[in-house]
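Order-wise, the sequence lines are chains A and B.
Under the working numbering, the residues of the first sequence are numbered 1 to 302, in order.
Under the working numbering, the residues of the second sequence are numbered 1 to 419, in order.
Keep in mind that the hints were calculated from the coordinates and are not lab data.
Computed from a predicted model, the values in this text were never measured in an experiment.
Careful, some of the hints might be misleading.
[To be verified] Cβ-Cβ distance ranges computed for the label pairs, FRET-style: (1) A/92 x B/126: 55 to 63 angstroms; (2) B/217 x A/77: 40 to 48 angstroms; (3) B/152 x A/228: 51 to 59 angstroms; (4) B/387 x A/209: 53 to 61 angstroms; (5) A/295 x B/126: 36 to 44 angstroms; (6) B/53 x A/103: 29 to 37 angstroms; (7) A/203 x B/53: 46 to 54 angstroms; (8) A/228 x B/85: 50 to 58 angstroms.
[Stated by the list, open to error] Here are the computed lysine-lysine pairs in the PhoX-like style, where the Cα-Cα straight-line distance is at most 20 angstroms: (9) B/34 x B/256; (10) A/54 x A/97; (11) A/9 x B/256; (12) A/201 x A/81; (13) A/48 x B/34; (14) A/201 x B/5; (15) A/270 x B/34; (16) A/160 x A/174; (17) B/337 x A/174; (18) A/160 x A/48; (19) A/85 x A/48; (20) A/126 x A/174; (21) B/5 x A/9; (22) A/270 x B/5.
Glycine is no exception: its CB is placed at the ideal position from the N, C-alpha and C atoms.
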Amino acid sequence: MSYNLNHLKELESESIYIIREVAAQFERPVLMFSGGKDSILMVHLAMKAFYPAKIPFPLLHIDTGHNFPETIEFRDRLVEKTGAKLIVGSVQEAIDKGLVVEEKGFNASRNYLQTAALLEALEHGKYDAALGGGRRDEEKARAKERFFSHRDEFGQWDPKNQRPELWNIFNGKKHFGEHFRVFPISNWTELDVWMYIAQEKVELPSLYFAHQRQVFERDGILLADCEYINKRPEEESSTKTMTVRCRTIGDMTCTGVWQSEAATIEDIIKEVAAARQTERGGRADDKRSETAMEDRKKQGYF
Amino acid sequence: MIDPKHMELLRFTTAGSVDDGKSTLIGRLLYDSKSIFEDQYEAVRESSERRGEVGVNLALLTDGLKAEREQGITIDVAYRYFSTPRRKFIIADTPGHIQYTRNMVTGASTANVALILIDARKGVLEQTRRHAFIASLLQIPHLVVCINKMDLVDYNQERYEEIKQEFEEFSYKLDVRDVHFIPISALNGDNVVDKSQNMPWYGGTTLLYYLENVHIGSDHNFIDCRFPVQYVVRPNTDDFHDYRGYAGRVAGGVFKRGDKVMLLPSGFTSKIAKIDTYDGELEEAYAPLSVTILLEDDLDLSRGDMIVRENNHPEVGQDMEVMVCWFHERPLQLRGKYTIQHTTQEARCVIREIRYKLDINSLHRNMVDQNIGMNDIARVAIRTTKPLFYDSYRKNRITGSVIFVDEGTNETVGAGMII
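With these hints in hand, go ahead and build the complete structure from the sequences.
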């Protein structure tokens, strides 16, 4: 008799273990929900972890106010289906309160401002653990991330001084005012996520599938035409309709779209398996400098 | 098309310095399996050029932190992923310097395979011994020794045999069950993914073939039933009014519906009424599955307790002997008190005695030196505030491992393997 698990089952089992560990070790956990496939996967795994009970913590969405409308519709339906509580932290509110100042210019994005809104929401809700859908294959700074990642009272990450993580023992001990970021799907790759979504028939926002959209090109990246981006005159004139899809979903101002005909999950798996660019290759927020992600993470970004 | 139903997961750890050609080897595995993306490769090529380096420095792929890129060293364990149609691989890439024993131990703790690199010109070095020792200490089930840079010794068979013998001469002293040797050239790709035309005398497989086929089905313990309770699921809804499920991940053995079980610490017995999951009931559960177990009787059971079989239970006790690897600048304190985490259980403990400090190069036991500093390995006797339910690490890596946490700073300061 052979007792081998296939790789998706083993990844699922590891992630469920970590999600349950968070519920057991922390008083007030929260699940960071962006509306992207990784956070939708996280909600699915959390449902599995506590079945038949409901997910024992709320979802937290940091709303930049610059979302794809499809994201918000999808979020609200998912919340209704799971019966989870939704908390929204607003970047617009942070701007109105004077916590942060809106960026100006052509490349203005609220991506950086999310950090302030996130830290404010965590502090306000007294959350001591924030679960996120970050994966180590996404970006080189994320490759160094722990499952249980300690944050000091300022929400900062100290990558050079991380706690060693051995076997499946997780140290979630902290002083008052500090918190943890927890990344249960650290070991999944983009392809694993898609294969699992196909296997589990997880529903996703329509943005991930090929659709017609007005787009324009900036620095080699295709951006969706929307009211939140200041376009240069030449960008205005080159805007055109194309068949595209998102590989990641973030704020409209920094989420690149890809020219693609992939209309089903099976098409997407084929496309991802053959892809020669990383999914974050379309993220303008990562392109600001070589260590853009590390710099943001140190300050408390997702 | 990939068929995910039959893909397995294999975790392996690599240790070594840049000089061994470790980055080149990882780069080659990733590159030849098409796991390096164009934009990643382009970014690395640009950084290498900006630094005035000759060629593309593939180490920059894994050295993701600013401080690492500045100093040109790997500070922390980096995780890399690649897959072939047969298996998905997780590489825990750890730096090889002596001061990074802690990273090597961390990477080794979950690995199925340890990959050890030897420079064919230099043979077995102190560093090689250290890696092999840590692999055996952490009970990595399979060891593959890659004798690299064969191109620089004219693909000479005698040199290969000489190094193999040298390695075996000291590895017989170690507790390693399965050692495999492969002559390679990571730079030229000999025996990495494709079979080398330059070494007709070598009748074995390539490295990738080995990684794809090494039998990992018996790496978990399927004999001794251990289920540490992680979380109690109580829905309190009308549909599931009296539902009380014990959620956890099987740490050993095979649990079946109807099995007679014993609960620790109470010693009460009951039967498994149901093994539940979101996808429906299971007939049996084995390591490393996460499931929810329901019992026939209503008994008091909570996080940290353990479900076992009546005629096969772990040690239950407060005194144990532990091999500890120390991680912190502040040395281990004799008579010091630490928080100890073991499976889902937590207690406090005191270091009662330091038996000896181990020289990891010579394997000599130093009975006099009581100063256990960062990266040192020692055998200690501890006593815990309450009984733990444990096995020897050799029998079960999950129920035989502990971590030590500093009560003041909350940092993980040591890792222990129960003897």
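Outcome of the hint check:
no.	hint	in the structure
1	A/92 x B/126: 55 to 63 angstroms	holds, 60 angstroms
2	B/217 x A/77: 40 to 48 angstroms	holds, 42 angstroms
3	B/152 x A/228: 51 to 59 angstroms	holds, 57 angstroms
4	B/387 x A/209: 53 to 61 angstroms	holds, 55 angstroms
5	A/295 x B/126: 36 to 44 angstroms	holds, 38 angstroms
6	B/53 x A/103: 29 to 37 angstroms	holds, 35 angstroms
7	A/203 x B/53: 46 to 54 angstroms	holds, 47 angstroms
8	A/228 x B/85: 50 to 58 angstroms	violated, 42 angstroms
9	B/34 x B/256	violated, 42 angstroms
10	A/54 x A/97	violated, 35 angstroms
11	A/9 x B/256	holds, 19 angstroms
12	A/201 x A/81	holds, 15 angstroms
13	A/48 x B/34	violated, 33 angstroms
14	A/201 x B/5	holds, 15 angstroms
15	A/270 x B/34	holds, 14 angstroms
16	A/160 x A/174	holds, 18 angstroms
17	B/337 x A/174	holds, 18 angstroms
18	A/160 x A/48	violated, 34 angstroms
19	A/85 x A/48	holds, 17 angstroms
20	A/126 x A/174	holds, 14 angstroms
21	B/5 x A/9	holds, 9 angstroms
22	A/270 x B/5	holds, 16 angstroms
The structure shown violates the earlier hints numbered 8, 9, 10, 13 and 18.
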